[in-house]
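S.K.: Using the sequences and the hints, build the whole thing.
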Amino acid sequence: VKYFRDESQRLFSMIYKDERTLPVKILQHAESFQELANYWGYPVEEHIVKTKDNYILGVQRIPHGKQPSATFALNPTQQQDPSIETIFKNNGISLSAIRKDPNEIKIKNKANSSESSSQKKKYIKPVVLLYHGLMTCSELWICNVEYENRLACLLADAGYDVWFGNIRGNKYSMKHTKFDPSERQFWEYSMDEMALYDLPDTIDYILEVTGAPSLAYIGFSQGTAQCFAALSINPTLNNKVNLFIALAPATSPKGLRNPVVDALMKSSPNVIYLFFGRKAVLAMALFWQNVLSPPIFTKIIDLALRFLFGWNCKNISETQKAIGYYHLYSYSSTKSLVHWFQIIGSRKFQMFNDSPPYSYTSTSLGYSCQKFPTLQITTPIAIFYGGRDSLGDMNMLLKQIPAPVLVREVLDYEHLAPSLSPLFYVGLFQITCEEKLSNYQNRKFYKVICKLYNQNEELVKHIIAKNVEPVNSLQLNNSQNENVIFNNQDSVMEEFEVTLDEIESSQSNESYEIAKVTKKNNALPCKCKWTDEAIISLLLYMKDHKQDVSKLKCRGATASQVRKPLWIGASAELRDIYTAEQCEIKWKNAKKQYKNREDFKYKSYVEEILN
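Counted from 1, the sequence shown has number 37 at position 37 by the UniProt record's numbering; the numbering is strictly sequential.
Simulated from the structure, these hints should not be mistaken for lab results. Any given hint could turn out to be false.
Claimed, not checked - Straight line, CA to CA, 35 Å or less: simulated DSBU-like cross-link-like pairs of lysine-lysine: (1) Lys25 - Lys175; (2) Lys591 - Lys546; (3) Lys299 - Lys564.
If you're wondering where the values come from, they're calculated on a predicted model, not measured in any experiment.
M.R.: This is the structure we're talking about:
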């Protein structure tokens, strides 16, 4: 194996130059979730969950950010934080009181208020559980190069208690009390078992350890499907999940792009068993991962994704591919893959069909497989998906579930975007800013999203102020059955009626020189509030267009042809929150001032663009 790997590396180096840096090589060959998290400076706890059907699941936890004293509260000097209370209240977490401590949030439970002070007090943070997709593992949440796309780090630094689930059979959950992974019985499971046992048992364990009454759930791809399934068949689980964020949801995939392969897979489960066997799927991919040199393995995965799904993965950098592809894939059962093709063939989000016919054209002959009753879900659902995601069928999904509190499309992103693409979450925020928020609850939910992703709320107040629609009254029920009524006497809107001029006058704004004045003396915008996220987004866009940036130095027609499309594209990348002129001026200032900045990432980006 080592000989083959070395020879393939030598052969590849004759054609392509290996441009991997030392950090990339370190992250690429990290063997575990803990090594990846420790590289970024985050603490990790390993936990074990035993399911009711005797599978042993590995669960990871990042209890806090890089600083142990990191809290969810942004202003520890306040005695009570209304925005935090709103977040907890709107998401069903039962809190009798919220008090701020310099080090952590203290939850005072009414049931324990009479206990003596000598007894152990309960301290908890908001808890969030992240769940991966099909044939992956928890490492996908921590293997991203860019900090802006390491959702686990964003949440930990924002003060969340972050947990990571793993389904049975993958890298961290390949154990059973009775069966060995070499036995066929070990792999006799589908998504039904994940929904019946894996997810509910994991959530129960987390709530028991943390003492939290409920948690927020963020799933990717199959991680969304198993949550939809689990919430639909387990009504009590809805009380334990206060918020369900679905990234690239997949409940009714359209199928494979290649018509021949798609037809073969839909024809009969026996075809899938013939190709992959009756045990684990993806074993050969992991074998070639160990045999081939990293650049060759990356190219092969790219070709496979394009062949099967039509994904170009242009939003994923080569550096991210070199790391992500090595940590993205893990084992799963062939039966779970068969389950997905049953769903694709029937066009229903159904349970596993234990007695499938030879052809899906004859499924109605005396047998009907039970569908997941997803319309019974009561947990608030938010959906974020890529505009170029060929797997998800949003029209079908929205018919199968209760009305989500939020549905947002991130343009030009494919199915893997939430796990590997830079700027997915930045784009997510910008789209949220642009869309109309129809009622008070959705505006409050936007605050949840802002807090969850550590977004600056003040930036968007002027945007949503003119887009909200007033509501006469809204009744919210918390978990203690206390009704909270909001009557609209124009007071509801006061917080949001903030104009752009008021924000600019109350905050320190970056001033720009007037670069150009038109014949009518209409000056360009001279003031603009740039957030750190927007600046990084602009610099990442400039990195991807380094050749065009270099042409700006040229004189004559060459620079003129490049300038306008470049800055229009930059404005579009920032969802038109900033104009093309503002982007151009910001870049000019960045070139002049980057050496004086303390932000290493900012300086390195600018230097890379200039070089």
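S.K.: Look at each hint and say if it fits the structure.
M.R.: Results for each hint:
1. Lys25 - Lys175: OK: Lys25 and Lys175 at ~30 Å, within 35 Å.
2. Lys591 - Lys546: 14 Å, holds
3. Lys299 - Lys564: Distance of about 34 Å is within 35 Å: holds.
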